[in-house]
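Visitor: Kindly produce the complete structure, drawing on both the sequences and the hints.
There are 2 protein chains.
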Amino acid sequence: MMKMPEIIMRLPDWMTAILNTRPGLLTSVNDRMRFVIDLARLNIDHKTGGPFAAAIFDEAGSLIAPGVNLVLSANCSVFHAEIVALMLAQKILGRYDISDGGKINYELVTAVAPCAMCFGAIHWSGIDRLTCGARDEDARAIGFDEGSKLSDWVAALNDRGIRVARDVLRDEAIAVLKEYVAKGGILYNAGHRKNNSK
Amino acid sequence: MMKMPEIIMRLPDWMTAILNTRPGLLTSVNDRMRFVIDLARLNIDHKTGGPFAAAIFDEAGSLIAPGVNLVLSANCSVFHAEIVALMLAQKILGRYDISDGGKINYELVTAVAPCAMCFGAIHWSGIDRLTCGARDEDARAIGFDEGSKLSDWVAALNDRGIRVARDVLRDEAIAVLKEYVAKGGILYNAGHRKNNSK
Numbered sequence: 201m202m203k204m205p206e207i208i209m210r211l212p213d214w215m216t217a218i219l220n221t222r223p224g225l226l227t228s229v230n231d232r233m234r235f236v237i238d239l240a241r242l243n244i245d246h247k248t249g250g251p252f253a254a255a256i257f258d259e260a261g262s263l264i265a266p267g268v269n270l271v272l273s274a275n276c277s278v279f280h281a282e283i284v285a286l287m288l289a290q291k292i293l294g295r296y297d298i299s300d301g302g303k304i305n306y307e308l309v310t311a312v313a314p315c316a317m318c319f320g321a322i323h324w325s326g327i328d329r330l331t332c333g334a335r336d337e338d339a340r341a342i343g344f345d346e347g348s349k350l351s352d353w354v355a356a357l358n359d360r361g362i363r364v365a366r367d368v369l370r371d372e373a374i375a376v377l378k379e380y381v382a383k384g385g386i387l388y389n390a391g392h393r394k395n396n397s398k
Numbered sequence: 201m202m203k204m205p206e207i208i209m210r211l212p213d214w215m216t217a218i219l220n221t222r223p224g225l226l227t228s229v230n231d232r233m234r235f236v237i238d239l240a241r242l243n244i245d246h247k248t249g250g251p252f253a254a255a256i257f258d259e260a261g262s263l264i265a266p267g268v269n270l271v272l273s274a275n276c277s278v279f280h281a282e283i284v285a286l287m288l289a290q291k292i293l294g295r296y297d298i299s300d301g302g303k304i305n306y307e308l309v310t311a312v313a314p315c316a317m318c319f320g321a322i323h324w325s326g327i328d329r330l331t332c333g334a335r336d337e338d339a340r341a342i343g344f345d346e347g348s349k350l351s352d353w354v355a356a357l358n359d360r361g362i363r364v365a366r367d368v369l370r371d372e373a374i375a376v377l378k379e380y381v382a383k384g385g386i387l388y389n390a391g392h393r394k395n396n397s398k
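Residue numbers (this note's numbering), protein chains in the order written: chain X, 201 to 398; chain Y, 201 to 398.
Watch out, some of these pointers could steer you wrong.
One copy or two, either will do: identical chains are not told apart, so a pair holds if it fits within one copy or between any two.
In the BS3-like style, the derived pairs of lysine-lysine whose C-alpha atoms are separated by at most 30 angstroms in a straight line are [stated by the list, open to error]: (1) LYS291 to LYS383; (2) LYS383 to LYS247; (3) LYS291 to LYS203; (4) LYS247 to LYS291.
Hints in this document: simulated from the structure, not taken from any laboratory.
Guide: Next up, the structure:
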């Protein structure tokens, strides 16, 4: 008899304290990005994953769901920070399209521009706004791979009604990437060509 | 106090019977594809999701993990068939890179060519072989969207050491897509532009 396991995804325990002391509305984009960059740094400090974090906010700047990279701790290559945040937001809101058919606006804030997988996931999530800190090339500069992405991925999202802002606190986001490497963080990789996913 | 839920992913109950009566090795690619197309049809019949299925096989043709589209039933836009199969295979094998650093070969068989998200996920999964039934345009022909993909996505995977075979039992895979529409299946969509994800 062949039985398939359940997959359980949960945030690291250290996130509880963050959520209990979180600020109220983060009305400025810099504040939202700083919150996310702090999560990325805490994910390194607690050794729960790569130097990547993301979060979904509603239009007022209220946190709906955070996400951190859980690839190593969950042994799951799908659990990038953006995917984790999107899955949680959909669970919390009770719908796979968080926009509810385009009626409600949500923003995905990510410390580093999305990889090829997360770029694709954004299509189906219902967010209408993507805000990025570090760029693809910043992740590549420390040895992570972003995958084969359209060179004009920003335009492709724009064409689908998703606005994209880049370089928000880029230097602070880069600093976390460098900190990961300086602390000997694993550039985990997958596959026959030793690609490093973020 | 803000508390984040757990996300639990499990296959539909009807899959148990399939797994208990599954054949041994599926040494021919047509047999592996037929198994996957049958799963896609059963996913329609049981109303557990879209007309999409996938599975991971080892090099001998032994089933490691099946997947079906669970977007509607799980309220999660990430749970495409390919993602479900990859997550299960990684859980079962106990590693996020199922190739274990390129030492072991695994094939992802999917009834329909991967969307933009699943294309990206393939990079990080550790599979070295992708086998597709229906093409992107076949999914689009019934109203599903594949997302913004590189036009040369097959070459992009080849460049990373991942072989791609297409059009395996394409007509049978298309027949399942048409059956879904004929039975009034939901072309679920996400976002402000009403994109339909597969």
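Visitor: Could you place LYS291 and LYS383 in one of the four classes (within, between, both, neither) given a Cα distance threshold of 30 angstroms?
Guide: between (34 angstroms within a copy, 28 angstroms between copies)
Visitor: Given identical chains, is LYS291 near LYS203, meaning Cα to Cα at most 30 angstroms, within a copy, between copies, both, or neither?
Guide: Both ways: LYS291 and LYS203 sit 25 angstroms apart in one copy and 12 angstroms across, limit 30 angstroms.
Visitor: Under a CA distance limit of 30 angstroms, which applies to LYS383 and LYS247: within one copy, between copies, both, or neither?
Guide: within (10 angstroms within a copy, 49 angstroms between copies)
Visitor: What label fits LYS247 with LYS291 when the C-alpha limit is 30 angstroms: within, between, both, or neither?
Guide: both (26 angstroms within a copy, 20 angstroms between copies)
The structure shown violates none of the earlier numbered hints.
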